[in-house]
Every structure is written in C-alpha cells, then in structure tokens.
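Trainee: Listed below are the residues making up each chain.
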Amino acid sequence: MPAFRDIVRRIDSIKNTQKITKAMQVVAATRLRRAQAAVQATRPYADKMVEVLQTVSERATEYKHPFLIRREGKRAVMILVTTDKGLAGAVNVNNIRAATRYMSQNFPEQQRYVTLGRKGRDFLLRYHRDVIAEVSNMPDRPSQAQVLPAVTVALEEYTRGNVDAVLLCYAKWISTIRQEPTVRVLIPAEIPARERQETGPRADYIYEPDPESVLDGLLPRYVETQVFQAVLENKASEYSAKMIAMQNATNAAGDLIDSLTLYANKVRQAGITTELMEIVSGSEAQQSAS
Amino acid sequence: MKYPLRVVSVERSLFEGEVEFMIANGAEGELGILARHAPLMTILKPGALRIQETYGGAEQVLFVGGGFLEVLPERVTVLADVAEHADEISLEAAEEARRRAQEKLAGTLTAAEETEFQNALANAEARLRLARARRG
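In order, the protein sequence lines correspond to chains A and B. When you line the first sequence up against my numbering, it's residues 5 to 294, in that order. When you line the second sequence up against my numbering, it's residues 3 to 138, in that order.
Just so you know, the hints here were simulated from the structure itself, not pulled from any lab data. Note that beta-carbon positions come from the ideal geometry of N, C-alpha and C, so glycine has one too. Please note: incorrect hints may appear among the correct ones.
Said to hold, decoys possible - With a straight-line Cα cutoff of 25 Å, these simulated SDA-like cross-link-like pairs (lysine to any residue) come out:
hint, chain 1, residue 1, chain 2, residue 2
1, A, Lys176, B, Glu55
2, B, Lys47, A, Lys176
3, A, Lys52, B, Ile45
4, B, Lys106, A, Glu212
5, A, Lys68, A, Ala50
6, B, Lys47, A, Arg225
7, B, Lys4, A, Glu212
8, B, Lys47, A, Asp51
9, B, Lys47, A, Thr163
10, A, Lys52, B, Lys106
11, A, Lys52, B, Glu55
What the hints assert, rightly or not - With beta-carbon atoms standing in for the labels, derived distance ranges:
hint, chain 1, residue 1, chain 2, residue 2, range
12, B, Thr112, A, Ser108, 51 to 59 Å
13, A, Asn255, B, Glu20, 30 to 38 Å
14, B, Met3, A, Val30, 46 to 54 Å
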C-alpha cells in the first residue's frame with residue numbers, strides 16, 4: 005500500500021495541472037471572442053469584392069481570365085491551414101486528413117502543398133509531401149501581408165502551368181462545439197451567382213484603364229481574401245476546440261482528485277487502525293505478563 | 003447632393019456614410035467623384051483618398067495602398083488593399099519601409115521581386131507624402 009504522503013503529493017500535482025488547464029480554458033475563450041471579431045471585420049470587404057466581381061464579369065463577358073478557365077489535368081496545389089500550437093483537440097488532425105484525402109482522390113497525378121501553420125507543415129514534411137511554401141508562427145490577429153507570400157507562390161504555380169487547380173482546406177467554424185474541415189476550390193474560380201436580379205437596365209461602366217486589367221487585378225485579390233478569411237476562421241476554430249479540450253481536461257482532473265482523495269482517506273484510516281491494533285495488543289501483552 | 007460612400011480594406015471597414023465629394027488616385031490620374039458620376043470602375047494607385055462630407059468643407063484623408071474604386075449610380079465603393087487613416091501613419095515606419103525597399107532595389111532581382119519592391123517603394127513614398135502634408 006502506498007504511503008499516505010505520496011498520494012497527497014500526487015493530488016497536489018494534479019491540482020496544479022488543473023489550475024493550468026482552467027487558465028488555458030479562460031484564455032482560449034477570450035481569444036475565441038477576439039478571433040470571431042476579426043472574422044466579422046473581413047466580411048464587408050469580401051461581400052463587396054464578390055459584388056464588384058459579379059458586375060465586372062457580367063460586363064466583360066468576352067474576356068476569360070486564366071483563373072476562370074477550367075483545366076483538365078490532375079495536378080493541384082493545396083493551401084492547408086492549421087494551427088501553430090497543439091492542445092487544440094482534433095482540429096489539425098481533421099484538417100490534414102480532409103486535405104490529403106481530397107488530394108489523393110481528385111488529383112492523383114501531382115500533389116503540392118502550401119501550409120499556413122506549423123502543425124500542417126511538420127506533418128506533411130514528416131510524410132515527405134511536396135511542400136512548396138509555408139508560413140508559421142502567425143500572431144492571433146495576422147495581417148494579410150503575412151499570409152500573402154504563401155498564396156502568391158500557389159498562384160504562380162498555377163499561372164506557370166505547373167498545376168491545374170488551387171485548393172484550400174481549413175476548419176470552418178460552425179459553433180463552439182463544432183468545427184468542420186472544409187475543402188474549397190480556389191482556382192478555377194467560381195464567382196457566386198447573384199442572389200437577386202437587380203431591377204432595371206444598368207448603364208455600362210467606364211473602365212480605367214480597361215476591363216481586362218480590372219479583372220486581372222480583382223481575381224487574385226479575390227483568391228487572397230478567401231485565404232485570409234480562412235486563416236482567421238481557422239483561428240476561431242482553434243480556440244473553440246482548445247476551449248473544449250481544456251474544459252474536458254479540467255473536468256478529468258477534478259474526477260481524478262476526487263477518487264484520489266477518497267483513496268488517501270482510506271489509506272490514512274487503515275494506517276490508524278493498524279497503529280491502534282498494535283498499541284492495544286502491546287498493552288494487553290504487558291498486562292498478561294504482569 | 004450627397005451619395006453613399008463606403009471604404010473597406012480586408013482587415014476592417016474605414017469609412018461609411020453620405021458624402022458630397024471625394025478625390026482618389028486612379029490608374030489614369032487623380033479623379034474627383036460628385037453625385038451622379040457616370041458608372042466607373044478603376045484601379046487605384048497608392049495615395050491619398052480625400053473625403054468631403056460637404057463640398058469644400060472639412061476633409062477626411064485616408065491612405066490607400068492600391069485597390070479598386072467602383073462608382074455606381076446609387077453608391078460608391080472603395081476596395082483598398084491596405085488602408086489607414088492619415089493620422090495613424092507612423093513617419094518612422096514609413097521611412098524605414100522606404101529605406102528597405104530602396105536597398106532591395108539596388109541589388110540584383112528577378113522580375114517578380116522587382117515589381118514587388120517597386121510597389122513597396124511606391125506605397126512607402128505615398129505614405130510619407132501624406133503624413134508630411136498632414137503635419138505640414
């Protein structure tokens with residue numbers, strides 16, 4: 005039977021762990037709120053961007069930007085968004101699995117990766133996948149400038165004709181307890197259809213310098229914005245998952261403390277009983293001797 | 003006469019409201035937009051965006067590091083790649099960015115890098131001009 009002191013020491017150490025997980029849970033909850041605000045802040049730009057693209061593409065019908073043309077080949081580059089730190093539940097595992105599975109099913113010929121986040125990079129490198137660009141250790145509120153270089157690499161691969169599609173995988177935030185790995189096709193780009201038809205005829209735009217240059221400028225921005233949004237949303241998912249994981253850890257620590265306390269008391273009582281028995285039998289032995 | 007104007011960058015929305023007049027730095031030169039301007043879509047070069055809520059009145063100045071301007075009969079939208087309010091610009095940071103871009107441009111570069119740093123330089127210079135003018 006272990007000594008009473010040893011069990012108490014173990015309880016203390018678990019209590020410390022519990023304090024840490026509790027603190028991490030609170031921190032994750034605050035960061036989650038901030039991450040959600042960041043996602044919200046990108047909405048106006050993204051919505052406007054789609055609106056403008058719809059109008060421009062309706063008017064520049066004869067011009068086909070290379071990003072809009074569907075290629076037949078089976079080569080692709082996947083932009084994989086993951087977290088930098090662990091202790092975030094199954095978010096990274098789910099993302100990586102969704103990304104690699106989608107790639108091997110749809111693009112068996114050649115698979116390249118661009119990773120945003122340390123976890124995804126480490127995993128893919130360990131399995132000797134072709135990682136052509138990576139960004140890691142992003143702050144909680146990354147600016148677009150930090151995400152951009154990696155995206156540019158992916159777009160260049162496409163422009164050079166080295167790949168036939170550009171994909172994006174991230175954890176879509178559905179609710180605090182639910183995040184879903186999501187794979188999206190960035191190129192060939194699809195401009196979402198207008199929800200409602202605007203009434204009345206519209207005057208034609210004046211383009212400066214010309215419709216082609218405007219579309220050339222807009223489409224890469226559109227793709228970049230989608231990636232940037234994905235990074236922010238993945239942050240929100242990361243903190244949700246972390247919050248839940250830490251809550252579970254705190255609860256588990258609590259259960260462990262309860263059962264260990266019970267055990268410690270039993271050991272203590274057993275000790276007292278043994279001691280009493282020794283004293284009683286000792287004194288009885290003396291009495292019968294005298 | 004006023005028209006609704008909205009200035010958004012990827013990271014946040016910078017301006018939203020009814021204005022009478024604005025001046026932007028378009029691809030083909032500076033242009034001013036009054037209400038009932040013809041529908042227009044233009045690329046913006048790095049530079050100032052001046053907003054006047056009443057024509058000739060107080061001016062709000064934003065820095066826009068490239069982007070797009072869309073003028074429709076019912077609204078005007080500025081999609082900025084990067085944007086900040088003029089008084090948020092840090093002179094030191096802009097100076098530093100310009101120095102770095104110039105240094106890079108002095109070395110040997112690929113065509114892609116060349117355009118990248120040219121853009122960075124144009125951005126930094128536009129920022130500096132704006133910040134200096136404000137502090138005057």
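Trainee: None of the hints should be skipped; say for each whether it holds.
Mentor: Do the hints match the structure? See the list:
1. Lys176(A) x Glu55(B): Answer violated: Lys176(A) to Glu55(B) is near 40 Å, above 25 Å.
2. Lys47(B) x Lys176(A): violated, 34 Å
3. Lys52(A) x Ile45(B): holds, 15 Å
4. Lys106(B) x Glu212(A): Given pair Lys106(B), Glu212(A) is violated - Cα atoms ~31 Å apart, limit 25 Å.
5. Lys68(A) x Ala50(A): holds, 22 Å
6. Lys47(B) x Arg225(A): holds, 15 Å
7. Lys4(B) x Glu212(A): holds, 24 Å
8. Lys47(B) x Asp51(A): holds, 22 Å
9. Lys47(B) x Thr163(A): holds, 24 Å
10. Lys52(A) x Lys106(B): violated, 35 Å
11. Lys52(A) x Glu55(B): With a Cα-Cα distance of about 22 Å, the restraint between Lys52(A) and Glu55(B) holds, given a limit of 25 Å.
12. Thr112(B) x Ser108(A): 51 to 59 Å: violated, 33 Å
13. Asn255(A) x Glu20(B): 30 to 38 Å: violated, 53 Å
14. Met3(B) x Val30(A): 46 to 54 Å: Cβ of Met3(B) to Cβ of Val30(A): about 53 Å, so the range 46 to 54 Å holds.
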